[in-house]
Each structure stands twice: as structure tokens, then as C-alpha cells.
Amino acid sequence: MPVICIGPVCIPWTCIPAVVFFVWKFAKPMLPADWAAAIERQAAKLWALLAPYMEKVPFLGKKKSAKANGTAEPVRSGEVGHLASAEQLQALLQRSKEESFGVVLDFTASWCKPCQAIKPKFQALAASYPRHVFLEVNADELEDVVTRCGVMGLPTFQAYVAGEQAGSITGADEAKLTTLISTALGTPSTDAKKAQ
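At position 164 of the sequence shown the residue is numbered 163 (numbering that gives the first Met the number 0), and the sequence of numbers has no breaks.
Hint data in this document are derived by calculation from the structure and do not stem from the laboratory.
One or more of the hints may lead you astray.
Listed below are the simulated SDA-like cross-link pairs for lysine to any residue, each with C-alpha atoms no more than 20 Å apart in a straight line [to be verified]:
no. : residue 1 : residue 2
1   : 118       : 181
2   : 118       : 94
3   : 96        : 182
4   : 120       : 137
5   : 96        : 45
6   : 120       : 134
7   : 112       : 8
8   : 96        : 73
9   : 44        : 34
10  : 112       : 169
11  : 27        : 12
12  : 175       : 7
13  : 24        : 46
14  : 120       : 109
15  : 175       : 73
16  : 96        : 134
17  : 118       : 80
18  : 120       : 167
19  : 120       : 78
20  : 175       : 123
21  : 175       : 96
22  : 118       : 81
23  : 120       : 6
24  : 120       : 7
25  : 24        : 146
Turn these sequences into a full structure, and let the hints guide you.
Encoded structure:
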């Protein structure tokens with residue numbers, strides 16, 4: 000569940016530790032050394048106290064993907080598929096280097112209203128670029144992929160060309176999404192000609 004939705008961006012509660020860590024990195028040098036050490040000791044004690052309970056909470060433990068071996072159903076041309084694992088993403092990015100196609104990822108969650116609102120536009124863009132692969136990444140199930148890709152808010156869209164990230168946007172802005180995809184993958188008419 001999100002902590003807060005600000006306009007077209009939802010920030011999940013799982014980002015709070017990252018934000019606290021980020022703020023701490025800047026605040027720590029400004030504090031007296033003994034204060035900083037005392038705060039870190041107290042934080043370590045709190046974490047040690049809560050760790051056994053945190054592991055028992057179902058959604059806090061490591062999620063095991065249903066298709067942990069990295070294999071998944073192939074994505075049909077012009078449709079949006081679902082990423083099954085980090086291994087599948089790695090294999091797909093390697094294949095995109097070899098076969099010269101783009102990969103567009105939509106980091107989403109069922110509870111994210113902006114994500115659901117922009118989903119039809121993402122599906123329409125997938126239909127316009129049949130030569131490329133469009134995938135949804137469930138942020139609740141694939142936290143390792145979310146972390147690896149540096150996603151801090153939902154929805155986030157990332158475009159990869161030849162296995163390398165070509166661009167990224169966060170938020171449910173259709174114009175920015177269209178610009179990201181056309182910049183990374185070319186125009187839809189160019190893509191349709193290449194597919195023929």
C-alpha cells in the first residue's frame with residue numbers, strides 16, 4: 000500500500016527506509032560525532048529488536064517468483080507481457096543487444112491508481128510498436144527488479160535499447176510517456192516498416 004500519492008506519482012512505504020538513509024547520509028556529518036554514533040547505536044538496537052517480527056510479516060519477506068527459473072511465456076507482438084523474474088529481464092536485455100529491439104518496462108502495482116489510469120495508453124503504445132517488447136513489472140512481487148532498476152515511485156517507465164537504459168520517467172503523464180518511447184524507439188510508423 001502507498002504511503003502517499005502526490006498527483007500522478009505514488010510512493011510506496013518500502014521507499015521510506017531509502018529516504019531515511021538518504022537524509023541520514025547528509026545529516027550525519029552535520030551532527031557531533033558522539034550524537035551520530037548514539038543515533039546509529041539506537042537504530043541498530045531497534046532494527047535488531049524488530050527483525051524477528053518483520054520476517055514474519057508476509058509481505059515483508061523475500062517474495063519468490065512463481066517462475067523463479069527465469070522462463071516465462073513469450074510476449075506476443077504488440078501486446079504487454081508480464082515480467083516473471085530478474086533472470087527473465089536479464090535474458091531479455093541480452094537478447095535485445097543481439098537482435099536490436101527495445102524493451103519498455105512499466106513498474107506498477109494493483110493498488111496504484113495512477114498506474115491503472117495510464118495502463119490503456121501503455122497498451123496502445125505496445126500495439127504501435129510491435130517490433131519491441133513491452134512488459135509490466137509488478138513492484139510488489141519483484142522488489143529485487145525494482146531495487147536493481149532504481150525505481151523510487153510508481154508508475155515508472157523505463158526504456159532499454161540494445162540492453163542499455165535509454166530513458167526513464169516517473170508519473171502518469173501520457174505526453175511524457177509517448178515522448179520517452181518515441182525518443183528511445185523511434186516513431187511508430189518507422190517501427191511498423193521495420194517489422195515488415
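For each hint, the structure was consulted:
1. 118 with 181: holds, 17 Å
2. 118 with 94: Violated: residue 118 and residue 94 sit about 26 Å apart, past 20 Å.
3. 96 with 182: Cα-Cα ~18 Å, so holds.
4. 120 with 137: holds, 17 Å
5. 96 with 45: Between residue 96 and residue 45 the Cα gap is close to 46 Å, so the pair fails against 20 Å, i.e. violated.
6. 120 with 134: Between residue 120 and residue 134 the Cα gap is close to 13 Å, so the pair holds against 20 Å.
7. 112 with 8: holds, 9 Å
8. 96 with 73: holds, 17 Å
9. 44 with 34: The given pair, whose Cα atoms are some 15 Å apart, holds under the 20 Å limit.
10. 112 with 169: holds, 14 Å
11. 27 with 12: At roughly 23 Å apart (the allowed maximum being 20 Å), residue 12 and residue 27 break the hint.
12. 175 with 7: holds, 12 Å
13. 24 with 46: With a Cα-Cα distance of about 18 Å, the restraint between residue 24 and residue 46 holds, given a limit of 20 Å.
14. 120 with 109: holds, 16 Å
15. 175 with 73: violated, 28 Å
16. 96 with 134: Judged against 20 Å, a Cα distance of about 17 Å means the pair holds.
17. 118 with 80: holds, 12 Å
18. 120 with 167: holds, 16 Å
19. 120 with 78: holds, 12 Å
20. 175 with 123: With a Cα-Cα distance of about 15 Å, the restraint between residue 175 and residue 123 holds, given a limit of 20 Å.
21. 175 with 96: violated, 25 Å
22. 118 with 81: holds, 13 Å
23. 120 with 6: holds, 18 Å
24. 120 with 7: Holds, because 14 Å separates the two Cα atoms, which is no more than 20 Å.
25. 24 with 146: holds, 19 Å
The structure shown violates the earlier hints numbered 2, 5, 11, 15 and 21.
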